[in-house]
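2 protein chains.
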Amino acid sequence: MAVLLSTKAAAIAEWEAALSALDPTLVLHRHPFAGDPAEIEAVVMWTGHDPADLRRYPNLRLIVSMGAGVDHLLAPPGPPPGVPVARLVDARLTQAMSEWVLLNVLRFHRQDPDYRAQQAGRIWRELPAPDTARRRIGILGLGALGADAAGKLAALGFPVAGWSRRPKSLPGIACHHGPDGFEAVLRQADILVCLLPLTPATRGILDARAFALLPRGAFLLNAARGGHVAQGDLLPALESGQIAGAALDVTEPEPLPPDSPLWTHPKVVLTPHAASVTIPASVAPQVIENIRRARAGEPILNRVDPAAGY
Amino acid sequence: MAVLLSTKAAAIAEWEAALSALDPTLVLHRHPFAGDPAEIEAVVMWTGHDPADLRRYPNLRLIVSMGAGVDHLLAPPGPPPGVPVARLVDARLTQAMSEWVLLNVLRFHRQDPDYRAQQAGRIWRELPAPDTARRRIGILGLGALGADAAGKLAALGFPVAGWSRRPKSLPGIACHHGPDGFEAVLRQADILVCLLPLTPATRGILDARAFALLPRGAFLLNAARGGHVAQGDLLPALESGQIAGAALDVTEPEPLPPDSPLWTHPKVVLTPHAASVTIPASVAPQVIENIRRARAGEPILNRVDPAAGY
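So the protein sequences, as listed, match chains A and B.
Per the working numbering, numbering through the first sequence is continuous, rising by one, with the last residue being 312.
Per the working numbering, numbering through the second sequence is continuous, rising by one, with the last residue being 312.
If you're looking for bench data, these hints aren't it; they were derived computationally from the structure.
Idealized CB from N, CA, C, for every residue including glycine.
Be careful, since some hints might not be right.
[As the list claims (entries may be wrong)] Here are the computed distance ranges between Cβ atoms for each label pair:
1. A:202 with B:189: 51 to 57 Å
2. B:294 with A:181: 52 to 58 Å
3. A:185 with B:36: 55 to 61 Å
4. B:36 with A:116: 36 to 42 Å
[Unchecked claim] Take a look, some chain A residues computed to stay more than 10 Å from chain B by CB distance:
5. 55
6. 217
7. 294
Chain A extracted, bound-state conformation (with noise of 0.2 Å):
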């Protein structure tokens, strides 16, 4: 029985090794795999494989994401029915994603566009003074990524709201949940954070409506899927000044076509999905553990709901 690994061809190495490294008895091929179908137990994915491949696999017993992230091998035709999918937890990748917030948080609260340009201009003129205790943030999504990045924001004196699908309660986080939660955390964001799964209640949920629901003069912070954007609203509400910047790590699709506006614009700033990013040893051993789980007919780790779509 054999685990078959797929994704970037940069990374597969690294995966390799970081699994072999734990477990040195695991057989591992790569996708596209030409042997016997039968052979595969488990597949480690990442975007980029068809999730229809995975119907080839008559003994398959587990699915993993290679991310945080599910939508990719939640899409149609999604999963083989029964064949249990887990994401991954990893607290090197909240970290890093709580970096990716608060670097991008303070970027924004302590005018750093504004000092750039006036660098450029050399011009030293000090802007008035930003009050933490005022700049409301609002965090759409309180998974493991939501609530380290709320908790982290809270500790530094910020205020914190946030949303999630289902009733939450989190220490020092005005937690909200369902439509009248959605737009009561969006019109007090001064800085709206989303981290929110992709799914489709999620697709599109940044839209002109949401825009339009924040405070004038909002900061937008995507770090989830480029698709919780509304394609198109986007630029409307960053050109009449509701959205005075915005910082994209994720785009649809990416890469991030050549000709696209968002590269120039002034008001926007770019990651190339660099968030938060798998470190295969980090996380190899919850996957060896997952792998062992399934053979064993024991419950999974981090285990995906396809339904609910994460």
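Take the given structure of chain A and dock chain B to it, following the hints.
Only chain B this time, still in chain A's reference frame:
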């Protein structure tokens, strides 16, 4: 008896309002004061006020700096002997400084200058993920500002070492002192943060010798005083690659002259002495309390030792 206020024209009305709101009986004058010098019992001052002027007031019993630094009022000839000098220690000043430090540590840690350059070139390319647990931070100065920044960086998972003149002990921070300690901190500082007071002992402390102690490709943050950096040594260290980037909130002189090469240096990030700006309403209570204490002959808060320079 009266209080003399001395600061930038743009700030003086805010100071008057903040102090009067707490004590409407306080008699406030603006520097320069044309009345009877014997009236002045306290001077609350910022840079630009010649300390020689302080000798004009025979009944002076308190001098307050409007910031955390006191180098401006300790400059020759210094304050009149025997008159107590106070600096400000304020939660908002401390918080603002730590935000500036976090923003710039994260900027360099997360390769933000490289990602800005990639965006300008429409390049979508993930850089190697940085490892927070291996990015060693060195903090020079472990007073109210340095200790807070050190604690917040350690809480984010960075290994933090600090250096101060006198021995200190801070939870989770490797504390060093003395000349050997200075060298030990610099030798392992991937990101070096200067938050020292400017004194005769620390002027020019960041010179070619200090830069050579840093790991090659280190980053430098200076939010203390421009005088901590030896003029003429920084640009060669940036050119050689010994220092890979510098974030400077302070320069010598200020404002930075229009012909300084720092303005356009691709590895230099400038802010105009804006990292931590005194909010008069936030610090007015401690100033009022110190005036009360000076009148009552009680020990004043946050008193400076002119011999030590801070």
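Okay, the hints, checked on the actual structure:
{"no.": "1", "hint": "A:202 with B:189: 51 to 57 Å", "in the structure": "holds (55 Å)"}
{"no.": "2", "hint": "B:294 with A:181: 52 to 58 Å", "in the structure": "holds (54 Å)"}
{"no.": "3", "hint": "A:185 with B:36: 55 to 61 Å", "in the structure": "holds (59 Å)"}
{"no.": "4", "hint": "B:36 with A:116: 36 to 42 Å", "in the structure": "holds (39 Å)"}
{"no.": "5", "hint": "55", "in the structure": "holds (25 Å)"}
{"no.": "6", "hint": "217", "in the structure": "holds (21 Å)"}
{"no.": "7", "hint": "294", "in the structure": "holds (27 Å)"}
This entry satisfies every hint, going by the numbered hints stated previously.
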